[in-house]
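Q: As given, the protein sequences belong to chains A and B, one line each in that order. Quick note on the numbering used here: the first sequence kicks off at 13 and runs consecutively. Quick note on the numbering used here: the second sequence kicks off at 29 and runs consecutively.
One or more of the hints may lead you astray.
Lysine-lysine pairs mimicking DSS-like chemistry, simulated, CA-CA at most 27 Å apart [what the hints assert, rightly or not]:
hint : chain 1 : residue 1 : chain 2 : residue 2
1    : B       : Lys39     : A       : Lys120
2    : B       : Lys39     : A       : Lys49
3    : A       : Lys49     : B       : Lys43
4    : B       : Lys39     : A       : Lys83
5    : A       : Lys70     : A       : Lys34
Since the hints were made in silico from the structure, they are not lab data.
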Amino acid sequence: GENVEQHPSTLSVQEGDSAVIKCTYSDSASNYFPWYKQELGKGPQLIIDIRSNVGEKKDQRIAVTLNKTAKHFSLHITETQPEDSAVYFCAASIGGSNYQLIWGAGTKLIIKP
Amino acid sequence: GAGVSQSPSNKVTEKGKDVELRCDPISGHTALYWYRQSLGQGLEFLIYFQGNSAPDKSGLPSDRFSAERTGGSVSTLTIQRTQQEDSAVYLCASRISGFEQFFGPGTRLTVL
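Could you build all of it, start to finish, from the sequences and the hints given here?
A: Written as structure tokens, this is what we have:
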């Protein structure tokens with residue numbers, strides 16, 4: 013079946029440095045790739061997403077890149093701050109579905125002061 | 029405005045008991061999801077409701093799990109004869125259009 017692999021499971025970076033989280037997906041028909049941030053005790057919250065007709069998207073310190081040929085996409089956070097500490101999840105749509113997502117296992121990002 | 033709310037926030041039960049978890053979606057959101065999140069794992073899809081359409085139950089792990097959505101709003105997830113492996117955080121999310129899902133804070137279920 014379809015799956016999404018996410019790496020690393022834990023990432024520790026110095027405040028101010030950049031962080032990169034990578035995901036690969038198996039369903040070549042996937043066309044929507046969101047990233048969610050989950051803070052302790054809260055539900056996940058969408059932070060950025062990308063469609064398959066776009067290679068890169070940026071929103072202030074956050075960017076997502078997509079390589080459809082290789083079936084992988086990445087989240088880039090620059091100038092990391094303490095409030096970036098959280099668990100980040102990637103996901104991919106199942107085929108062309110607009111409602112079903114397959115989720116990665118999550119990456120715990122730790123920002124060291 | 030108010031977000032998605034879930035109750036209870038924590039539930040401790042004994043093996044074999046039934047539990048009901050409640051989700052109040054954002055007003056006007058026609059789509060509603062239930063997910064299960066085990067420690068260190070991603071989100072496992074359980075069930076999806078969209079308006080008056082038949083729900084997508086393809087993610088329910090066994091017939092001990094069921095969910096209903098009354099009046100197109102509040103949803104209840106019921107787990108019968110709970111087992112220790114049911115211990116997890118159960119997340120509810122709602123959506124109105126497009127792709128973004130809005131999540132509640134979850135219910136942490138512990139089965140002793």
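Q: State for each hint whether it applies.
A: Now for the hints, and whether the structure bears them out:
Distance hint between Lys39 of chain B and Lys120 of chain A is fulfilled; the C-alpha atoms sit about 25 Å from each other, no more than 27 Å. Proposed proximity of Lys39 of chain B and Lys49 of chain A is supported: the alpha carbons are some 24 Å apart, at most 27 Å. A distance of roughly 32 Å separates the Cα atoms of Lys49 of chain A and Lys43 of chain B; the hinted pair therefore is violated under the 27 Å criterion. With a C-alpha separation of about 40 Å, the suggested pair Lys39 of chain B and Lys83 of chain A falls outside the 27 Å cut-off, and the hint is violated.
At roughly 16 Å between alpha-carbon atoms, Lys70 of chain A and Lys34 of chain A fall within 27 Å of each other, so this suggested pair holds.
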